[in-house]
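Engineer: Line by line, the protein sequences are chains A and B.
Number 185 in the UniProt record's numbering belongs to position 185 of the first sequence; there are no gaps in the numbering.
Number 57 in the UniProt record's numbering belongs to position 57 of the second sequence; there are no gaps in the numbering.
These are calculated hints, taken from the structure and not from any lab test.
Computed from a predicted structure; not experimentally measured.
Note that beta-carbon positions come from the ideal geometry of N, C-alpha and C, so glycine has one too.
One or more of the hints may lead you astray.
Derived coverage of chain B by chain A (criterion: at least 3 residues anywhere in the stretch with Cβ under 8 Å from a Cβ of chain A; other residues may be distant) [stated by the list, open to error]:
| hint | segment |
| --- | --- |
| 1 | 87-99 |
| 2 | 120-131 |
| 3 | 136-142 |
| 4 | 145-158 |
Partner residues are not named here, just some residues of chain B that face chain A (Cβ under 8 Å, in silico) [to be verified]:
| hint | residue |
| --- | --- |
| 5 | Leu26 |
| 6 | Val36 |
| 7 | Val43 |
| 8 | Ile211 |
| 9 | Asp212 |
There are 2 protein chains.
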Amino acid sequence: MSVARVGEFGLIARVTARLGVGPTCLLGPGDDAAVVSAPDRRVVACTDVLVEGRHFRRDWSSATDIGHRAAAANLADIAAMGAIPTALLVALCLPPDVDVRWAEELADGLAAEAALVGASVVGGDMSASTTLTVAVTALGDLGGRAPVVRDGAQAGDVVAIAGRLGYAAAGYTVLSRGFRTPKLLVEAYRRPQVPYGAGPQAAVHGATAMIDVSDGLLADLGHVATASRVGIDLCADAFDVPQQMRDAANALGVDPYSWVLGGGEDHALAATFPEDHGIPDGWRMVGHVVHGGGLTVDGKPYKGSAGWDHFR
Amino acid sequence: MSVARVGEFGLIARVTARLGVGPTCLLGPGDDAAVVSAPDRRVVACTDVLVEGRHFRRDWSSATDIGHRAAAANLADIAAMGAIPTALLVALCLPPDVDVRWAEELADGLAAEAALVGASVVGGDMSASTTLTVAVTALGDLGGRAPVVRDGAQAGDVVAIAGRLGYAAAGYTVLSRGFRTPKLLVEAYRRPQVPYGAGPQAAVHGATAMIDVSDGLLADLGHVATASRVGIDLCADAFDVPQQMRDAANALGVDPYSWVLGGGEDHALAATFPEDHGIPDGWRMVGHVVHGGGLTVDGKPYKGSAGWDHFR
Chain A
1 MSVARVGEFG LIARVTARLG VGPTCLLGPG DDAAVVSAPD RRVVACTDVL VEGRHFRRDW
61 SSATDIGHRA AAANLADIAA MGAIPTALLV ALCLPPDVDV RWAEELADGL AAEAALVGAS
121 VVGGDMSAST TLTVAVTALG DLGGRAPVVR DGAQAGDVVA IAGRLGYAAA GYTVLSRGFR
181 TPKLLVEAYR RPQVPYGAGP QAAVHGATAM IDVSDGLLAD LGHVATASRV GIDLCADAFD
241 VPQQMRDAAN ALGVDPYSWV LGGGEDHALA ATFPEDHGIP DGWRMVGHVV HGGGLTVDGK
301 PYKGSAGWDH FR
Chain B
1 MSVARVGEFG LIARVTARLG VGPTCLLGPG DDAAVVSAPD RRVVACTDVL VEGRHFRRDW
61 SSATDIGHRA AAANLADIAA MGAIPTALLV ALCLPPDVDV RWAEELADGL AAEAALVGAS
121 VVGGDMSAST TLTVAVTALG DLGGRAPVVR DGAQAGDVVA IAGRLGYAAA GYTVLSRGFR
181 TPKLLVEAYR RPQVPYGAGP QAAVHGATAM IDVSDGLLAD LGHVATASRV GIDLCADAFD
241 VPQQMRDAAN ALGVDPYSWV LGGGEDHALA ATFPEDHGIP DGWRMVGHVV HGGGLTVDGK
301 PYKGSAGWDH FR
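Just chain A, same shape as in the assembly (with noise of 0.2 Å):
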C-alpha cells in the first residue's frame, strides 16, 4: 500500500507504533515536540540529511540498510564530541507511490541502531516529496565532560582511529561497478559499523581533538589541521589493507588508499593525544601531528582523492 492511500496521519501512527522508547526519553512521539533528559545540563545536538540518488540508493540498499546508515551518520557525530547519544528525530520526505512497509522498515532500521547506544527515535515529521530525503537530528549527553572539539590538536600530539577505513568507500565502488560481492565490503557501504563507545573513551583518556570520520580521512583531519592550526603527517604503513579489500582493488583497477585515505561512511573517529598519555585500547596510532599546517603521508602530499563535496 502507498504512503499516499494510508496518508500522513497513518503514516505516522504505522511508523511509530514500531518505534521502542529508551530510558532518556522521558516524552516520545504524538505530540507537538518530544521531551529528551539532559542529566548534565547540555545537550550535544546535529543533524544530517540523506538524499536518495545522492547518499543512497533503494537499490542498493534496503530500507533498514538505509535507516541504520542515517541514524549511524548522526550518532557517529555525538560520539565524536566524547558524548553519548540518547535521541533520534526524524524528518522524512517520501515520494506519494513508496510502499508503507518501506517507510516501516526504514523506521526499523533508525531505531534499531538507535538501540546500540541506548537511544531512541523520540520525534519526526514526514511530507510528501518527489526526492526521498531522511533528515536525521542526534542529540546526546556529555556527562560532565568538556566536548571534544577540532581546535584542540597541539604539534606533538599523536593521531589514531577507532573503527574502520575505505570498507564503505570500497563497498560502493563495488556496487557502483555493478557488482554484488565481496559481501565484507558491500555490506560495510550498506551498515556502517561505527566505534561508537571509543568516543567517550576518547574523551576520558584526555584527547585533544576529534572528529568524525565522514567525508575521508584526509579531508577529516584536514579540518581538524586548520582548525587547530596545525600540520598533520600519516604514517602509510600504519593503515591496516584488509586482503579483501586489497583482492577488490586490485580486481577494480582502484590504488586501495584511495578508499582507506579518502573514503568516508565508515564513520570511524580520528583523534589526537598527547604523546605522553598514550592511546586507549581499541585505538590505533596513524601519525603525528606537526608544527605548520596541512595534511602529509609520510612526509609528502597525497596525490588522491581526498574526499567528497556534496554539491559537486
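Once you've looked at the hints, dock chain B against the given chain A.
Structural biologist: Chain B in isolation, oriented as in the chain A frame:
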C-alpha cells in the same frame, strides 16, 4: 553565483558567518555537533520539514520569508509544550543552480525568527537535491515546569486561543488565485506572527492541554479531543473575522470560517484551562471541553475544510 560553484564547504562558511550565537549556545556551528544549554536537565525537541511546491513557493515568498516560516513552524511547537526555544538546527537540500544569496537570505530569516525568542541556529547540514527542502529541528527549555501535552483536557475546561487564525490560509488563497493583496493576509502567509510567549504563560497559568495550530484549528483541537478522550465545542461568535478577511472572502467566493477554523500555518496556540482558573491575558476564550468525543461548532458538526494532510 550558484551553490554548486562555491561548493558545500564554501556555502557552509558563507552561511554560518551570518549566524549570530545566542546565550544558550555553548558551542556553535563548525564542529561535528553543537552544544546547547539545557538548564533543567531536560530538553524539548521537535522537527518540521518544508518542501518546495508543497509548503512554499519561491515566487510567492522571499528566501528570508521562508527562513522565518521554517523557524516559526518549529519554535511554535516548542512554545506549545510550554517551553522556551533555545536552538535550531537546519538540514538544507538545495538544487545546485540555486544562487548562494538565496541560501544566505534563508539563513538570515531563520536566524532573525530564532532571535525573537533568544534562540540561535547552532548547527546544520547541506546537500544538493533536485527538491529544495528545509528541515528544521528546534530545542527548548521547560524552566522546571511539566510539559503541557495533548491528553490533559478535562470536561468542563474552557478552550482558549492565542494568536491569529485564518490569516495565513487567507493569504495562501489570495496568492493561489494570482493576487498579491491584501497585504495583511499575504504577509501573514509569508511570515506568521507567532505568540511564542503565550506558551510558557499558559503553562504557568495551569493549562491542562496545549497544541500549536499548524493543520487547522478543528484538526488540531481534534488531536487534543482524541488524546484526552473528550469532546470540544467551539462558539462561532467567539472568532474574530477582520474586515479585510471578510472582504477578501467575499471577493474570492470563500467562507471566511473555512480559513479561521480550517486553516493552519498562523501557528496560533490553542489550550484548555480549568474553568475556575480563568484564562491568561492575551488569550481569547473560544469554546468548552465537553464529555463525549469529536469537535462541534455551536453544538453541531462543522461541514468544511478541516485541515491539511501532506500526502493528499
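Engineer: Compare the structure with each hint and give your call.
Structural biologist: Here is what the structure says about each hint:
1. Remark: the segment 87-99 of chain B is confirmed as covered by chain A, as 8 of its residues place a Cβ nearer than 8 Å to a Cβ of that chain, reaching the required three.
2. Coverage of the segment 120-131 of chain B by chain A holds in this model, with 10 residues showing a Cβ closer than 8 Å to a Cβ of that chain against a need of three.
3. Counting residues of the segment 136-142 of chain B whose CB lies closer than 8 Å to any CB of chain A gives 5, so the stated coverage by that chain holds, three being the minimum.
4. A count of 3 residues in the segment 145-158 of chain B with a Cβ less than 8 Å from any Cβ of chain A is obtained; the coverage claim is therefore met, three being the minimum.
5. Taken as an interface hint, Leu26(B) checks out: its beta carbon lies about 6 Å from the nearest beta carbon of chain A, inside 8 Å.
6. Among the interface hints, the one on Val36(B) holds; its C-beta lies about 5 Å from the nearest C-beta in chain A, closer than the 8 Å criterion.
7. Look at Val43(B): its Cβ gets to within about 5 Å of chain A, closer than 8 Å, so that hint holds up.
8. Given the 8 Å rule on beta carbons, the hint for Ile211(B) holds: about 6 Å separates it from the nearest Cβ of chain A.
9. Restraint check, Asp212(B) versus chain A: the minimum CB separation of about 5 Å is within 8 Å; hint holds.
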